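Q: Letter by letter, the chains look like this.
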Amino acid sequence: MTSLQTPVRETGTLGARYGTFMNRRASLMPTFAAIAILIILLIGAQLRFGNFLTPGNLSALLLDNAYLIVLAVGMTFVILTGGIDLSVGSVMAFTGILGASLLSQGIPVYIAIPAMLLGGALIGLLIGVLVQYFNVQPFIASLAGLFLARGLAFVVSLASIKVEDPAVLWLQRTRISFGGWYITPTVIIALVTVAVAVFVLHWTRFGRTVYAIGGGEQSAHLMGLNVARTKVAVYVISGVCGGLAGLLLTAYSGAGYPRNGIGTELDAIAAVVIGGTLLTGGTGYVLGSLVGVLVYGTIKKIISFMGAEQSWTQIIIGILLLLFIVVQRVIVARSIRRRT
Amino acid sequence: MSTDTAVSPVVSAESVAPVVEMTGITIRFPGVLALDHVDFALYAGEVHALIGENGAGKSTLIKALTGVYPIDAGTITVGGSGRVFDGTAAAQSAGISTVYQEINLCANLSVGENVMLGHEPRRGGGIDWKATHREAATHLESLGQRIDTRSTLASHSIAIQQLVAIARAMVLDAKVLILDEPTSSLDRDEVERLFRVVRELRSHGVAILFVSHFLDQIYEISDRVTVLRNGALVGEYLIEDLPRAQLVTKMIGRELDELTALSSVSSRAIDRQKAPVLRATGVGRRGQLEPADVSVYEGEVLGIAGLLGSGRTELVRLLYGADRADSGHIELDGAAVRLRSPRQAIEHRIAFSSENRRAEGIIADLTVAENIVLGVQAKRGALRRLRRTEQDALVAEYIEALGVRPANPHMLAGNLSGGNQQKVLLGRWLAMAPELIILDEPTRGIDVGAKADIQRKVAELSENGLSVIFISSELEEVLRIAQRVVVMRDRRTIGELASQYLGIDDLIDYIANKGEGSAA
Amino acid sequence: MKKLARHRLFWPIVALLTLIVVNTIVRPSFISITVKDGQLYGVLIDILRTSAPLMLVALGMTIVIATRGIDLSVGAIMAVSGAVALTIIDASGDPESIATVFVAVIAALCVSLVLGAWNGFLVSVVGIQPIIATLVLMLAGRGVALLITDGFITTVNSAPYSFIATGYLLFLPVAFLIWVAATAVVSLIERRTALGVLTEAVGINPEASRLAGVRARGIIFGAYVTSGLLAGIAGVLYSSNIRAADANASGQFIELYAILAVVLGGTSLMGGKFTIAGTVVGVLIIQTLDKTILFLGVPPAQSPVFFAIVVIVVVIMQSPRLHRWIRGAASSRSRRDSDTTITKEVASR
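Chains R, U and F supply the protein sequences, listed in that same order.
Read in order, the letters of the first sequence correspond to residues 217 to 556 in our numbering.
Read in order, the letters of the second sequence correspond to residues 77 to 596 in our numbering.
Read in order, the letters of the third sequence correspond to residues 1312 to 1660 in our numbering.
Since the hints were derived computationally from the structure, they do not count as laboratory data.
None of the values given here were measured: they were computed from a predicted structure.
A portion of the hints provided could be inaccurate.
Below, simulated SDA-like cross-link-like pairs (lysine to any residue); rule was C-alpha separation at most 20 Å, straight line [what the hints assert, rightly or not]:
#1 K516(R) x I531(R)
#2 K455(U) x R1526(F)
#3 K455(U) x A1527(F)
#4 K1347(F) x D1357(F)
#5 K206(U) x A261(R)
#6 K206(U) x F415(R)
Now the stretches of chain U that chain F is said to cover, found in silico as 3 or more residues with beta-carbon under 8 Å [unchecked claim]:
#7 418-425
#8 434-441
#9 447-454
Don't be surprised by glycine CBs; every beta carbon is placed ideally from N, CA and C.
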């Protein structure tokens, strides 16, 4: 421990370089692990099936999971502060059916879509206020949000509503292809969301406050950061992402369906954790969550290629999640012991 | 004269106005007067130590100065103008920065980020990281430190993290730097490095408030010292005018002793021919206690005396297995044992009453009866419940023997006064019929009557063969009921004395000066 | 002692009675009970019968919460339990035989015990936060249930099995008797032995309990095993009621309702003192509220909205900020604000 105490200048030796790297970027290790797992999965699948790594398949990977990418981005913000949001699946369903309903009543798309985002934001705001100002534990507050959103989805409509609006369908149906690869506006939206999140988290004071809260809420407060506003904001962000995901999913399936997204919040949490974000907060990267979603999507695809039942996806994700959590715990325990 | 001579204080206090002046500060909490019209002044370019025992009001005074607590009476002036702090941000903007014992930075962020957090230079809509790290490095270098600012704070030792915290304070252009128990987790070299930085800051005109209970360090680094006791100001002195023994006396005080009734306890003869009930050799724990030797004989009361922070609690926690020792071994009645957990200690008939009765003793929402039988019940296991009649009898016995008031076994333990809670805890441990009982500050914060009761009980029990290790900050108490006293300072044992002919002045002198020779 | 009962159970019982009274005023048949073929019928009886799964799960949840934990996997355990039982009955040649049913139920309960032990192991031995530890099973459990049923909703026709959820014994629904028995057993174990007090001690002050020699690990482990077992029974009941193993619908959201029931009954989510009677009342409140909503003509799928509102109201009422606000309105001083989270100790130095 003491040998790395005050590294003065990086010497040229490999050992010193590694030491400096670890001191700066140790929190990247879990994300590297996720990337490694993704690569292993992809290569393994290719060896097994032979036709797995095609441009068509990989493009579909992004397309099929665009909604989950957006959800995972929002979830990352929340988990970075040490909280959790169990409502995102239901918010996605609620905003989806809300949008579909509005569109089917002739409301123009430039009102319907903001309405979806606003709906998600409001539920996020409710959760954030409960957590910050009423000291409710995040999982209870977001559980209430889950209840509320799920019930409201059915209030909007008990059955699914088809979406015929050309603008929405355009999001999904348009394909911009190059070579065998293709990309849709929904994927672009998802990737732009990721890019914006990366910028916010690493180049704005708000984003750094998010990390600071995860590192130590009291410390962040004592350092003069606006903890209260930030904590509420991350839930609003998660809600907006829920709304955006609702849009993407509605475009993808061509309809709003109040039963959508049951259990999806767990998939989002799993993706974020597998991507290297610690559930205790303060450490993690949005890009890691993207990798986590890709891991999830790949596992799903592999299972469908194998002709096995989709329920295996849930089980494997659960096991992976457990593995990551146990490893996280071991790492944390060891670093605590090192410091004392 | 033990002050350092490298740089002498910039200002002579009498000629210049203080940077911070607190007058008549009074703070009341429900049931306790935490600060009673305390005056305090900080001058630029000076290291001012704040010292006092538990409950003296040090921490409360700091919190008033940093805007954590509002004050009930008195004034605070900073740089000549009166201020009212309604929060920590207000104090910070007045130029008062604090480095807390727990560091209070974000360990998951980089060093540079921690230094500049909230004040990062910006470029094109976002944070300019290059400039941020450059500025952070500059601030660190002005303190004589070269640290990789891009490394995570968590990858550095507490000592380095502290220096980062100080650098941050300088970014905020602090005129006053408060160091709250900064050396508790540092080794000798790290303390030296910290002091070098402190002297550097002092030469730049920063006023430094140094809160500590390490006497040696206070004498090494401070120019002036303020002593608090029981929420009141005892006095402010130039350190070079105050010999150690006097300082200790002022901290502890010489309260009139009404409890002299216990006679001849300390002179009782102890049979030290048999193997001791407990013998610990070289027991220590890195960062908490230097290896120490302790032994207790049957029927003996062994006192442990020393100032707050000298390591008394740490030592007994190791003996009980509440914390794990890094070194040394323990023998009970001559047989070697491993005490790695409280359960094991209990198996070996050792009992431990923590000094923090609220956090580590009383289970507030359970009744008095449930609290008393908890130890016995835990030992029997969950399935073998004490029969109602047995339980009632046991509880009634101890309520009576210890004089718990009100004598209602169904009352919630959290609603009792401190003294009665202590008695309940004592009952819990005595009910387990231990061979050795460790009492850590059992009479702290207790009224005189309850104090006498407990001391009497301890004396009585030891006469009947129970061995006792007794920690107390009240030296009269220790001398009164212990046969031998182990003295501790700065996390190590410095000696052992027979108490029979020891006067309190001797003990104070020993605590202050043993190993240094008598200071002037 | 009476004063305590007044404080803790008073308001929950008042709430329940209010609900019943309001319902009766609107619909007098609410409290009517008829006897037919030696069986009692009526809305109230129905509530007692259908509350069985939630009652069992909430019972286990109470104990887990008392140890400062939480069990989010109970719904998934229910699904697995039902799947195991029905698969065995389905695969046997003789679904009507009592022996088959018996074996199926025992198997389901054993599996549930193992799952509970798994949770207990993660929390008490590996030391993972309860939310996270049980989240894993919540995620994977339904997948396992789906696997067991091969992805289908296995239906069976088995009179003995259906009897569990829909049958009657001595005028009363068997399901009701099951939960009464379970409640009685758990209460006896917790209060007749020292388990209850030690559990409370661990939840109220884990460090003081450790120093006093309490075996926290075993107590916490046992709590999750209990929760798993009770969820298993609930799973059997649920699948018996619908005569199918529906891995997705089985116990959906039940963990939320269970937590709500525990909170309504007066046990704090922070752990420590717990009340089984309170949880019973809490469950009955939820079931009655559910029936009320149904009666109002609200589609069952929309009822979560009402419960969300109830949860929000309850947690706000329990929040310290509200108490401070009330106290602050009474006296003008408010010292403890968001600024002072550092300052738990008053005069500690």
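Q: Each of the hints needs a verdict: does it hold here or not?
A: These are the hints, each one checked on the structure:
The suggested pairing of K516(R) with I531(R) holds, with an alpha-carbon distance near 11 Å, which does not exceed 20 Å. At roughly 9 Å between alpha-carbon atoms, K455(U) and R1526(F) fall within 20 Å of each other, so this suggested pair holds. About 12 Å separates the Cα atoms of K455(U) and A1527(F), which keeps this hinted pair within 20 Å; it holds. A hinted pair counts as satisfied when its Cα atoms are at most 20 Å apart, and K1347(F) with D1357(F) qualifies at roughly 14 Å.
Pair hint K206(U) plus A261(R) does not hold up; C-alpha atoms about 42 Å apart against a cutoff of 20 Å. At most 20 Å may separate the alpha-carbon atoms for a hinted pair to count; K206(U) and F415(R) meet this at roughly 16 Å. Given as covered by chain F, the region 418-425 of chain U passes the check, having 3 residues with a CB less than 8 Å from a CB of that chain where 3 are the minimum. Closer than 8 Å: that is the beta-carbon criterion, and the region 434-441 of chain U has 7 residues meeting it against chain F, so the requirement of 3 holds.
Under the rule that three or more residues need a Cβ within less than 8 Å of chain F, the assignment of the region 447-454 of chain U holds, with 4 such residues.
Going through the hint list in order, the structure does not satisfy hint 5, though it satisfies all others.
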